[in-house]
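What follows is the residue order along each chain.
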Amino acid sequence: MSLIEVRDLAKHYRLGDETVEALRGVDLTIEAGEFITIMGQSGSGKSTLLSVLGGLNHPSRGSVQMAGVDLYALAGEKLADFRSTKLGFVFQSFNLIPYLTALENVMLPLAISPMKGKEKRAAAGDALARVGLAAKGDRLPNALSGGEQERVAIARAIVNRPEILFADEPTGNLDSTTSLEMMGLFRCLNDAGQTVVMVTHNPENCEFSDRTIRLKDGLVLGAA
Amino acid sequence: MKLHNISFNNLRRRKAKMAFLTVGLTVGIATIVTLVTLTNSMSGDIERKMDEFGANILITPQQKGLAMNYGGISLGGVTFDQKEILEADLSRISTIKNRGNISAVAPKVLGGVSVAGRQVLLVGVQFDKELKLKQWWKLFGEAPRTADELLLGSEAARVLNLMTGDSLEIEGERFKVSGVLEQTGSQDDSLLFAQLKVAQRLLHKEGRLNLVEVAALCSGCPIGDMVLQIAEKLPDAKVSAIQQVVEGRLKALDQFRRFSWAMAGVVVFIGSLIVFVTMMGSVNERTTEIGVFRAIGFRRSHIMRIILLEAAVVGLLAGLLGYGVGMGGARLALPFMAEGKQVALVWDGLVAFGSLGLSLGLALVASLYPALHASNLDPTEALRAL
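For the record, the sequence lines run as chains A and B.
All residue numbers for the first sequence refer to the numbering used here, where the first residue is 1 and numbers rise by one.
All residue numbers for the second sequence refer to the numbering used here, where the first residue is 1001 and numbers rise by one.
Derived by calculation from the structure, the hints in this document are not laboratory data.
All values derive from a computational prediction rather than experimental measurement.
Heads up, a few of these hints could be off.
[Claimed, not checked] Simulated restraints on C-beta separations:
(1) A192/A x L1273/B: 51 to 57 Å
(2) G1265/B x A75/A: 28 to 34 Å
(3) A122/A x A1016/B: 33 to 39 Å
(4) K1002/B x L15/A: 36 to 42 Å
(5) N142/A x G1265/B: 28 to 34 Å
(6) L15/A x R1012/B: 39 to 45 Å
[Unchecked claim] From the structure, some residues in chain A lie toward chain B, with a derived Cβ separation under 10 Å:
(7) N57
(8) S60
(9) S93
(10) V106
(11) P109
From the three backbone atoms N, C-alpha and C, an ideal C-beta is built for every residue, glycine too.
Chain A with its partners taken away, still in its complex shape (with noise of 0.2 Å):
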């Protein structure tokens, strides 16, 4: 069974009296492991599908199974639960806290977890090193370079060990010897097992992925 099985899945908006049909029935298959990035141009429905697949945003049509999970059919909380538990997520603008110091950031996942005090600061500590961080732990945000805040918001992301790790334009406010360097510390986080789920507008950053999802008007158009 593939991680995440995406079936006619469809997404309208209402923009004062015009529908806009962002997706339009997309079918999609991801397998456990892989590196996905999702193309397209400013306006194709990428970072609409992305937001939907994480749980974020309720499609007007279509079903997401995710790890055997039908996400969308999760009553309640549930599906905050789900995300806190299964996902991770990078944003493009990293939406780092800026009262909290980089280990902190790390650890925010964790603060509604009931892991012990000393098991979340060692499990943001053992994140922060995986992203080349760990002696940056007591910065705030804005002492950080914008790469050094990439890696605390991919740290933050795979602190509570996710199944899918889901990123929104992660270089996209980063220089390019930058965002190489992102690029790379993603491909070896898959490598080390984790599956990752990208959007981006840079024809570069598909090179480290396995497959490109290429979108259009709301529409997939084919895989690379």
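Got chain A; can you put chain B on it based on the hints?
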């Protein structure tokens, strides 16, 4: 890392905003504490004065006439069939239901006597009870202890040209002036005070009384009930309450109390608005942050707990500060608000815990909608990920 770490760190980070919120709430709580404490202190002062005022129940002989005096000026009157109070009947007063509220019963007999060719009003009293009743009396000399000693009012002493230690003759009996009253500004200044038994003998009114004053003024005394109870026991006497002054002051205090509560209501409303607007602004500023929390798996209840914990911390801090500042304000304002300079500030535990509770409750209730709003934010909208 727990949820409260997020709340505390956010409070530390947004010092200016949280300081504004705390100060706003502190001012509100301080205003309420000041008003309530002033009201309580002034109530306490009035209750103390009520006790000091002396008698507030007057027992006089029943009469079927109309008194013709006004403002202390007597124009005579038409009095007939006057019944006197018998000294022996006084013991009945101590059998009334509310006898526990009676602090003193002071019987008096009055009558005119001639001293050195002048007519003077002689009053027979029981000095131990009279002095308990009239705590404001100040004596030059001592109160009479023996049957041949008298106490003179200041005006009487001046007119009769007598002072402590002098002697005088009444109805052929020699008396010694044991003391002179300091001027009181009342009718006591013109009187001669003798032991009750002596005065009754001199006035030929053995066993009879003209007036009985009962001191029952104290906080919460049911004066009206006591008047009725004494009247039942002494059907031939007229029992009345001296309440006008006290009631007037209590009425004024009641109005001040109502004003205080109205002010408190306005302050609570404004305080709630400040908390609401500030917390709502804070939530709006933190939209992205809340979106991140939701995206990484925080439940709506987790978001609410973060926001409400922040409100609770601010509320408790403002409650503590507000109580301190409010009590300080009350201490400064009390001398200007109360008549006496020796009015004691009332430190009430209920006000202390009440102000803390009010501040906490206010902060939580006013933050409830912002917290709900935050918890209902769509994570995708919050992250602007579309």
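Here is what the structure says about each hint:
1. For the hinted restraint 51 to 57 Å between A192/A and L1273/B, the CB-CB distance of approximately 54 Å keeps it satisfied.
2. Range check, G1265/B to A75/A: Cβ separation about 44 Å, and the 28 to 34 Å hint is violated.
3. In this structure, A122/A and A1016/B meet the distance hint of 33 to 39 Å, their C-beta atoms being roughly 36 Å apart.
4. Here the CB-CB span from K1002/B to L15/A is close to 40 Å, well matched to the stated 36 to 42 Å.
5. About 44 Å separates the C-beta atoms of N142/A and G1265/B, a value inconsistent with the hinted range of 28 to 34 Å.
6. For L15/A and R1012/B, the Cβ-Cβ distance of about 40 Å falls inside the hinted range of 39 to 45 Å, so the restraint holds.
7. Because the beta carbon of N57/A sits about 5 Å from the nearest beta carbon in chain B, less than 10 Å, this interface hint is met.
8. Using the Cβ-Cβ criterion of 10 Å, the hint placing S60/A at the interface with chain B is not satisfied: the shortest such distance is roughly 13 Å.
9. Proximity of S93/A to chain B holds as hinted, the smallest CB-CB distance being about 8 Å (cut-off 10 Å).
10. The interface hint given for V106/A holds, since its Cβ lies 9 Å from the closest Cβ of chain B, which is under the 10 Å cut-off.
11. Annotation: interface hint on P109/A holds; nearest CB of chain B at approximately 5 Å, less than 10 Å.
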